[in-house]
Amino acid sequence: MGFLSRIRRLVSGQPQLAGGIMVYAPVNGEIVAIEKVPDVVFAEKIVGDGIAIAPKGDTIVAPIDGTIGKIFETNHAFSIESPQGLELFVHFGVGTVELRGRGFSRLAEEGQVVKVGDPILSFDIEYLKDQVDSLLTPVVLANMEDVKYLDKAQGCVTAGKDPIFTVQL
Numbered sequence: 001m002g003f004l005s006r007i008r009r010l011v012s013g014q015p016q017l018a019g020g021i022m023v024y025a026p027v028n029g030e031i032v033a034i035e036k037v038p039d040v041v042f043a044e045k046i047v048g049d050g051i052a053i054a055p056k057g058d059t060i061v062a063p064i065d066g067t068i069g070k071i072f073e074t075n076h077a078f079s080i081e082s083p084q085g086l087e088l089f090v091h092f093g094v095g096t097v098e099l100r101g102r103g104f105s106r107l108a109e110e111g112q113v114v115k116v117g118d119p120i121l122s123f124d125i126e127y128l129k130d131q132v133d134s135l136l137t138p139v140v141l142a143n144m145e146d147v148k149y150l151d152k153a154q155g156c157v158t159a160g161k162d163p164i165f166t167v168q169l
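full-length UniProt numbering numbers the first residue of the sequence shown as 1 and each following residue consecutively.
Among the clues, some could well be false.
Simulated crosslink set (DSBU-like; lysine-lysine; CA at most 30 Å straight-line) [as the list claims (entries may be wrong)]:
#1 K152 <-> K56
#2 K36 <-> K161
#3 K56 <-> K45
#4 K115 <-> K148
#5 K36 <-> K148
#6 K70 <-> K129
#7 K152 <-> K36
#8 K129 <-> K56
#9 K148 <-> K45
#10 K45 <-> K152
#11 K161 <-> K129
With beta-carbon atoms standing in for the labels, derived distance ranges [what the hints assert, rightly or not]:
#12 R100 <-> K152: 15 to 25 Å
#13 Y127 <-> V40: 22 to 32 Å
#14 Y149 <-> E73: 29 to 39 Å
#15 K148 <-> G101: 30 to 40 Å
#16 G111 <-> A33: 27 to 37 Å
#17 P38 <-> P83: 32 to 42 Å
#18 E109 <-> Y149: 28 to 38 Å
#19 P83 <-> V40: 27 to 37 Å
#20 E30 <-> T166: 18 to 28 Å
#21 R100 <-> G155: 28 to 38 Å
Rather than coming from a laboratory, the hints here were simulated on the basis of the structure.
The beta carbon of each residue, even a glycine, is placed where N, CA and C say it ideally should be.
Hey, can you work out the whole structure from these sequences and the hints?
What follows is the structure in structure tokens.
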């Protein structure tokens with residue numbers, strides 16, 4: 001989809017964003033290096049670069065203004081695309097797909113236009129912490145081929161309020 005994103009931006013005549021696109025925390029918690037996620041697909045950046053968050057709380061929110069692409073049937077992950085063509089993938093935990101949706105609820109729908117901080121999914125952290133390999137929640141740039149610059153934040157973050165990285169397309 002990266003190629004199509006570039007074409008859409010060119011055709012629409014969207015100006016280059018000064019300072020880049022701010023991506024906000026989709027969940028409360030502590031930022032962890034993506035390389036520490038105990039899943040090779042994320043740790044080796046096979047699906048893209050980003051960060052992970054050791055989550056707290058019970059809600060995953062929109063990290064950018066955009067349109068929800070896909071919400072997995074099991075309600076543990078979703079994709080979202082900004083109007084500028086930035087494509088993000090948010091995936092709660094490692095081993096969550098095997099739960100077949102237990103511990104998760106959908107709060108938004110595919111194709112829905114959302115703003116930063118709008119609730120997308122809810123989760124039962126007390127249930128999940130005993131059921132999965134890891135609660136680390138990767139937030140990944142799915143179209144790295146379009147990214148010119150990525151500046152990652154560190155520390156504790158509040159969902160919908162604190163930036164986790166800045167991206168220049």
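Checking against the hints above, which ones are violated? Of the numbered hints, just 12 does not hold.
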